[in-house]
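Colleague: Position 311 of the sequence shown, counted from 1, bears residue number 329 in this note's numbering, the numbering being contiguous throughout.
Hints were generated in silico from the structure; no laboratory data involved. Given the structure is predicted, the values throughout are model-derived calculations rather than measurements. Take the hints with a grain of salt, since some may be wrong.
[Unchecked claim] Computed list of lysine-lysine pairs in DSS-like fashion (alpha-carbon distance at most 27 Å, straight line): (1) K83 <-> K137; (2) K297 <-> K137; (3) K204 <-> K297; (4) K47 <-> K204; (5) K47 <-> K142; (6) K82 <-> K140; (7) K142 <-> K204; (8) K297 <-> K142; (9) K137 <-> K295; (10) K137 <-> K82; (11) K47 <-> K140; (12) K233 <-> K297; (13) K47 <-> K137; (14) K47 <-> K83; (15) K233 <-> K140; (16) K295 <-> K142; (17) K140 <-> K204.
[Unchecked claim] Label pairs and their calculated CB-CB ranges: (18) L51 <-> K297: 48 to 58 Å; (19) L167 <-> L105: 24 to 34 Å; (20) P202 <-> S97: 22 to 32 Å.
Each residue gets a CB set at the ideal place from its N, CA and C atoms; glycine is no exception.
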Amino acid sequence: MIYPFINRFLHWFSTGLMIPVLVLMLLSKGVPLQQAGFVLACMSVVMVTMELPSGILSDLLGRKKIYLLSISISLLAVSLLLFSSGLLFMCAAFAAHGLARALSSGSIESSFIDAWIRKQGKEKLHSLVTVMNIGEAAGLASGAVLGGLLPDLWLRLRPESNQFSGNFLAQLSILAILLASTLPYKDQAASEKPLTLRRLATESAVVIKSSPILKILLLAGLLWGFTFNAIELYWQPRLQTLLPPDNSGLWFFGVINSGFFLTAIVGSLLMNLLLSKLKINNVLAAAILRMCLAGTLWLLAMQNGVAAFSTLYLMLMLCNGMLNIPEASLFNSIVPSAQRASFLSLSSLLVQLGGIAGALVFSLLLPLLGITGVWRLAAAVMLLSAGALLLLSGRKVQTVQSTTAGLADGPAGMPASTVLDKPSQGKL
């Protein structure tokens with residue numbers, strides 16, 4: 019499990035380097051503030067458009083090949099950011115970033131999961147999911163901290179250059195290390211009998227049709243994206259109304275952001291411990307955690323004090339960190355090995371589409387309901403997804419066992435009818 023952790027850490031460390039300075043970097047590259055959203059939209063459009071095709075390509079051509087391609091495109095995108103400026107070049111660089119993000123989604127993770135199942139079986143899959151989740155959270159947190167420090171440090175060393183060149187050079191270095199560490203990795207799925215596009219589509223449709231829990235998990239991902247968009251959009255404006263009006267408490271946002279990553283890691287570790295010791299039904303665990311999320315969000319909407327708001331917000335993130343473990347373990351125990359990257363990309367796409375739908379709906383409702391009303395609506399949607407899982411929790415264990423009999427444990431190239439049947443992506 020050491021290599022999956024290192025890979026996930028480096029991958030998201032590189033991403034975290036630009037998180038705290040993203041818009042400021044665009045401004046320094048000659049992009050007007052009113053057009054910064056357009057540049058970011060270029061990345062989002064490419065990501066959504068290429069999300070599912072990238073997963074299909076991973077299953078058809080090999081997960082390692084597609085992941086290496088994504089790293090190469092990331093290197094090109096960062097180089098473009100380093101050596102160019104202006105709206106057109108920034109749009110091109112962020113579109114390339116979007117393509118790289120889509121290509122990396124579910125590719126190498128699928129290979130890690132397949133290798134784990136071959137050696138350890140599905141019963142302890144939650145241990146691998148936990149390690150990858152911790153690597154992702156730790157990488158993002160570390161990258162964000164360094165990304166916030168580098169601009170001032172670089173300006174002291176090279177005052178005549180762009181303030182964010184240090185961030186770009188750090189990204190290029192991490193991506194180069196990631197590329198070098200991936201090259202010797204052996205993708206075991208690459209040696210299996212290759213699929214054709216027609217066969218992949220046919221077998222994937224069979225899997226979805228035959229598995230009620232898979233349908234519910236995909237729907238749950240869509241509703242998660244819808245709900246959490248409301249939290250991501252409005253937690254900062256809501257907290258700002260609770261802090262002193264002279265902006266003297268803005269440092270507290272950094273504390274909360276650090277707490278977000280910490281509670282995500284704690285939640286992953288806690289859920290892994292519970293699943294290891296208590297043998298909890300994954301479907302029931304996911305339903306209970308979604309109910310906890312809904313209840314915590316409802317309470318969060320009612321708070322008017324900084325301490326209570328902060329505590330509940332971090333509890334929300336703790337529950338969310340816990341939620342991904344049973345859902346990702348369950349999802350990956352159901353989907354067949356040969357189509358794993360495609361299903362992970364499909365799940366990720368649904369999460370993104372849910373987020374887009376949430377952004378549109380909440381923007382329309384905000385003037386009528388305010389942040390409190392919007393969060394209560396989002397909590398109701400989360401509760402709906404919990405109810406759907408709860409209805410299947412009693413019978414679903416048998417359904418998963420019957421549909422997975424011989425599936426991911428058998429050769430990846432065999433038909434779904436023979437070896438039938440989110441994701442470890444940190445989003446579901």
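Colleague: Each hint: holds or not?
Modeller: Against the structure, the hints come out as follows:
1. K83 <-> K137: With Cα atoms ~23 Å apart, K83 and K137 stay inside 27 Å; holds.
2. K297 <-> K137: With a Cα-Cα distance of about 20 Å, the restraint between K297 and K137 holds, given a limit of 27 Å.
3. K204 <-> K297: Violated. K204 to K297 sits at ~32 Å, over the 27 Å cutoff.
4. K47 <-> K204: Status violated; Cα separation ~40 Å.
5. K47 <-> K142: This hinted pair is violated, its Cα atoms lying about 47 Å apart.
6. K82 <-> K140: Given that 27 Å is the threshold and the Cα spacing comes to 22 Å, the pair holds.
7. K142 <-> K204: holds (22 Å)
8. K297 <-> K142: holds (10 Å)
9. K137 <-> K295: Holds. K137 to K295 sits at ~21 Å (cutoff 27 Å).
10. K137 <-> K82: Answer holds: K137 to K82 is near 19 Å, not above 27 Å.
11. K47 <-> K140: violated (48 Å)
12. K233 <-> K297: holds (24 Å)
13. K47 <-> K137: violated (49 Å)
14. K47 <-> K83: Measuring from Cα to Cα gives roughly 32 Å; hence the hint is violated.
15. K233 <-> K140: holds (20 Å)
16. K295 <-> K142: It holds: about 11 Å lies between the C-alpha atoms, which stays within 27 Å.
17. K140 <-> K204: Between K140 and K204 the Cα gap is close to 21 Å, so the pair holds against 27 Å.
18. L51 <-> K297: 48 to 58 Å: holds (53 Å)
19. L167 <-> L105: 24 to 34 Å: holds (28 Å)
20. P202 <-> S97: 22 to 32 Å: Check passed, 24 Å falls within 22 to 32 Å.
In summary, the structure is inconsistent with hints 3, 4, 5, 11, 13 and 14 from the numbered list given earlier, while agreeing with the others.
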